[in-house]
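Novice: In case you want the letters, here they are:
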Amino acid sequence: MTKSNFTRRGVLKTGAVAGAGLATPTIFTGAVWADAHSGFTNAPQGDTVTLGFNVPQSGPYADEGADELRAFELAVEHLNGGGDGGMLNTFSSKVLDGTGIMGKRVEFVTGDTQTKSDAARASARSMIEKDGAIMVSGGSSSGVAVAVQALCQEAGIIFMAGLTHSNDTTGKDKKANGFRHFFNSYMSGAALAPILAAQYGTDRKAYHLTADYNWGYTTEEAVRSSTEAQGWETVNSVLTPLTQTDFSSYIAPVLQSDADVLVLNHYGGNMVNSLTNAVQFGLRDRMVNGKKFEIVVPLYSELMARGAGENIAGILGSQNWDWKLENQLGAKYAGTNAFVQSFGTKYGFPPSQAAHTCYVQTLLYADAVTRAGSFNPCAVVEALEGFEFDGLGNGPTLYRADDHQCFKDVVVVRGKENPENEFDLVEIVEVTPVDQVTYAPDHPQFAGGSLGTCNPGA
Amino acid sequence: MEAIILQVLNGLDKGSAYALIALGLTLIFGTLGVVNFAHGALFMLGAFCAVTFSRLIQVSHTVIDETQKDFLGNPLKVDVPYIYDFFGQAAGDVMIDWAVPLSILMAIPVMIGIGVLMERGLIKHFYKRPHADQILVTFGLAIVLQEIIKYFYGANPIPTPAPDALVGSFDFGVMLGFDPGGIVYPYWRLVYFLFAAIVIAAVFAFLQFTTFGMVVRAGMADRETVTLLGIDIDKRFTIMFGLAAAVAGLAGVMYTPINSPNYHMGMDFLVLSFVVVVVGGMGSLPGAVLAGFLLGIIEAFASMPEVLNVLPGINQIIIYLVAIVVLLTRPRGLMGRKGVMED
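Here the protein sequences line up with chains A and B, keeping their order.
Residues 1 to 458 (the working numbering) are what the first sequence spells out, left to right.
Residues 1 to 343 (the working numbering) are what the second sequence spells out, left to right.
Read the hints as simulated data drawn from the structure, not as lab findings.
Misleading hints may appear alongside valid ones.
Stated by the list, open to error - Beta-carbon label-pair distances, calculated as ranges:
(1) A/243 to B/8: 22 to 32 Å
(2) B/175 to A/443: 31 to 41 Å
(3) A/443 to B/90: 35 to 45 Å
(4) B/180 to A/231: 20 to 30 Å
(5) B/132 to A/428: 50 to 60 Å
(6) B/132 to A/243: 17 to 27 Å
Glycine residues also receive a C-beta, built at the ideal position from the N, C-alpha and C atoms.
Using the sequences plus the hints, can you model the full thing?
Specialist: In structure tokens:
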């Protein structure tokens, strides 16, 4: 027989004390509280600084998240003086010297967004409160980016967005503590429209299939307004459920309409399936109004394009960056080859645009802290606002102060007819110069919301 | 008119997938009385049999080609499938091209094996447990199977094209006397529909015209009496579980050229298949097939712009609306039998 030392009263008392301890938000009990003098959340203690990389490690975007994580690891390696230095050698700002950030060795923690807003917020919160992350970056969806950006604003943390393309991230949902290097729906529309007009003519009738969520709406609006300004007519636009897998019943009515262009405002698995179905129904071989039927995918993802296989051949779309930029268009896009070399040597294949934007965002954050001479988020915000830089693969780029959006050239690509391997699926058609994709901060597609003021937290 | 015919065709091929999955589901429910939430995962495993088979026959050795460079400027490594060494390049290319139909040969034994293993290893321990327990354990199993596939194959969809001869579409409208280009239908979807019809007919024939099928049907009607007659009905039901797994697996194999398979595809079909089973009538095989095609066609029509303009969003709820109406008017489903799940 065993004798228990627990008494009911004892257990209750212990439970009450433990419960009170657990219920106290850790943001008040962690490193922040201990370092109240520094006046901002998670001020780095000792000789290390912790960054939080919040990427989809499970769910349908797990492969994209894995590529982002590779890029983050590489950026941390380079910041700490490891490897060949990558883009540190080509970056126009020269304050980063491979000794970490302001002499503190960079460490990182990772979270799994699952591409769900609530899960992403929970993992970001955990990285901030438990691990003391001073900055959060990553992600593969605009819903997640907007949610995590708002959380970082409340917590007094800098958010360096990963792959997020919706106008709203730096439009109605923009926040002072959030920064986006990736391009957006408006820029895709503005970059694509002149090239679509040049390639397919100005007398076209477009049919839109649009994913029924925030990113889909802003992308359709951007592409519609840009193409209509070029003379195109939009004959119909149909919202498709995000969970849809077989798009045949949405493709069939396209055959009945007199549209001669199908615009697929879909991303990821939706894009793979809708494009595959459209090609199955013979849309690529179709002649309407005396013209060859065309399909357009406004936002390309190289990783997802692999899923569509040969169906992407000849399809036009836009990208934030492509690993062939410097080789094909010259030294203006310096940094591209340095990054591809580092990434390719370490992992054996070229990086995706998601990997590129995450790598660049990490360097930009480290650079801003170093130039500001402080980890204080408000000092970092000041250093990033209006910052002009070069040598990170996109050519001369501006981090605009009004909305924390990067302005740079946009790459228009086309699916290759005969890809040589699974990493070489698209060819660069043209690069639309930055001034053609720049818009006023108060543009209607970005209306509503304001940056507010930076929050140092604590 | 063309639009209607096209949506009926779309509904038929979508319905084929629903019917095949629902047939297996209701077969398991009718024989073993188990609500199998892992059935969608069996569909997904079937699709990955096709992926695995096409990867297996493309297992390659590397040859360095000094004349070409890779993206880092190093000599290009070219993969040469072993199948070229064994059968020559021409025959090898044909086999690679026809990988999806050929993978049926691998999928049948593999899926029966998985089905039997699943039933003997896990599900038989839950026969006497409440349906809620069965749902929990099979749903858990589905998640485990999904994660295993994701671990080995990644989260991205994997393109698994149809043979070149069956890629593309044909003009159905011209055959019916309509304008060219009005009713264009992909070859492979027609193949899928015919394949589904053959499999469904084969399952019905097996149950209807063989002694084994007769015993199973007798067992479905009155398990105790059949057991008292000295027949080992459990063994036969295990085989039926394997057969149901194979039907779901074959549905998955043939579906891969329609949509590139990913680890999550089973879940996408699972909920709808359950609705199909409920609308058809729990335990009714013809009901499952009928409801599968019916809901496929209704779903296709609800996605037409003409319908969406009048009732926005109807495409997302139509199946559940139909289910509610059917259950209100015919509580046992379209062809449900009295006494099933009513105890």
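Novice: Could you run down the list of hints and mark each one as holding or not?
Specialist: Going down the list of hints, with the structure as the test:
1. A/243 to B/8: 22 to 32 Å: Given about 23 Å between the Cβ atoms, the range holds.
2. B/175 to A/443: 31 to 41 Å: violated (51 Å)
3. A/443 to B/90: 35 to 45 Å: violated (58 Å)
4. B/180 to A/231: 20 to 30 Å: Given range 20 to 30 Å: holds, Cβ gap about 28 Å.
5. B/132 to A/428: 50 to 60 Å: holds (56 Å)
6. B/132 to A/243: 17 to 27 Å: About 25 Å separates the Cβ atoms of residue 132 of chain B and residue 243 of chain A, which means 17 to 27 Å holds.
In this structure, the hints that do not hold are numbers 2 and 3, in rising order.
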